[in-house]
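These protein sequence lines are chains A and B, in that order.
When you read off a place in the first sequence, starting at 1, and then add 23, the result is the number in our numbering.
In terms of our numbering, the second sequence has -2 at position 4, counting the first letter as 1, and numbering is strictly consecutive.
The set of hints was computed from the structure by calculation and includes no laboratory data.
Nothing here was measured: the structure is a model prediction, and the numbers come from that model.
Built from N, CA and C at the ideal position, the CB exists for glycine as well.
A hint or two may mislead.
Stated by the list, open to error - Quick list of in silico lysine to aspartate or glutamate cross-link-like pairs, DMTMM-like style, CA-CA up to 25 Å:
id, chain 1, residue 1, chain 2, residue 2
1, A, Lys28, B, Glu95
2, A, Lys122, B, Glu95
3, A, Lys65, B, Glu95
4, B, Lys77, B, Glu95
Said to hold, decoys possible - Facing chain A, from chain B, some residues (calculated, C-beta under 10 Å):
id, residue
5, Gln0
6, Gln31
7, Phe82
8, Val107
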Amino acid sequence: QQQVKQSPQSLIVQKGGISIINCAYENTAFDYFPWYQQFPGKGPALLIAIRPDVSEKKEGRFTISFNKSAKQFSLHIMDSQPGDSATYFCAASSTSYDKVIFGPGTSLSVIP
Amino acid sequence: DGGITQSPKYLFRKEGQNVTLSCEQNLNHDAMYWYRQDPGQGLRLIYYSQIVNDFQKGDIAEGYSVSREKKESFPLTVTSAQKNPTAFYLCASSIKTGLPEAFFGQGTRLTVV
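Next up, chain B with everything else stripped away, as it sits in the complex (with noise of 0.2 Å):
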């Protein structure tokens, strides 16, 4: 089945720890995102890459890193710098950027403690 994988669903880290999140998909999409979700809120992009080896700050950048050296793999570095960590993070893919039609993953709650 094509989809998109984020793992873990549930992540548990320190206080002052990096953790990557995962996110793999299989649709053969170029575009992939990384959205940040709070409680009661809405989607707020991170990164995102239209291609291998390229990706553009989002609108909330700060504290987070990004790679992709392969075209099915797009994975979140949330680093110690990132102020307020805990919430629910969501990765998308498109066929390319710009295009509505995103399929989202079943997201990773990473909670920081």
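Excised from the complex, chain A in its bound form (with noise of 0.2 Å):
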């Protein structure tokens, strides 16, 4: 119940284009959702993170959508660019837990 899914795997977006990630969990109990990025040989960095009372948050070309009764919520990359070649982890947790519980990553690759 604790588990956070998170698809695809890997993801080759052109420059430009929409690059979507999405995650999904089980515990209702979850009250606080952030996504990191993560480039090679670094530490993961938080982006962006959304409550499950909005269902939607926007930073610059960074974007949450939030469906608290699918128990989902995706990133959305507007106008990817070759910058944002990362792995992106979606996570959750609650006050209700001394952990925060990571998905398993996605690598993004955005191509020229």
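With the hints in hand, could you dock these two chains into one complex?
Right, here's the structure in full:
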């Protein structure tokens, strides 16, 4: 029940296209959903996060969409650029837990 | 600058030797974590600590040990009991456990030969 599923495992998008990564969770106690971005050989960095009381959050080219009833959330990267090529992790947490649960990650490659 | 410092960045050890990875933070965070990342894999939690002198096992604690004698420091020892220690190790911290705004270090790549 604490698992966070993420798809696809890898994604290739042309420059200027839209990258979409999807995540799903089971535990309704989760109340915070962050996304992390990791470049090769580096540690992950917090990219954007959302709480379930809103259905969408946008920061620049990055948008999180949240569907509470379906227990799904997704990351959309608009106008994808080669510099966005990285591994993206969705995650879930709750003040009831002392851990953050990470999805398995999506490797994004944006080709010119 | 505030942040998390992991050292060394690369570490090579012979099989059967214990090795300790350093993690220091100056963010005044109570919670600290150790994760293991294998190629193409997600982040697997090894140990975490909510407060000084206290720590809990994560999902893959076997073959690892930690200490938390100071708020700023959370070293990880990879013991000879860890059967497949070659991996990328990441340390993180947050204000308190359960908060997703974790800050990660740059990682230590451990290779055991």
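Within a Cα-Cα threshold of 25 Å, do Lys77(B) and Glu95(B) meet the stated pairing?
-> Answer violated: Lys77(B) to Glu95(B) is near 32 Å, above 25 Å.
Going by Cβ atoms only, is Val107(B) closer than 10 Å to chain A?
-> Violated. Min distance 20 Å.
Against chain A, with CB atoms and a cut of 10 Å, does the hint on Phe82(B) hold up?
-> holds (8 Å)
With a cut-off of 10 Å, does the beta carbon of Gln0(B) approach a beta carbon of chain A closely enough for the hint to hold?
-> holds (8 Å)
Return the status of the interface hint for Gln31(B): holds when the least beta-carbon distance to chain A is below 10 Å, violated otherwise.
-> holds (9 Å)
Pair hint outcome, Lys65(A) versus Glu95(B) [Cα-Cα no greater than 25 Å] = Status holds; Cα separation ~17 Å.
Does the structure keep Lys28(A) and Glu95(B) at a Cα separation of 25 Å or less?
-> Cα-Cα ~20 Å, so holds.
Would the pair Lys122(A) and Glu95(B) pass a check requiring their Cα atoms to be no farther apart than 25 Å?
-> holds (12 Å)
The structure fails to meet hints 4, 8 from the earlier list, while all remaining hints are met.
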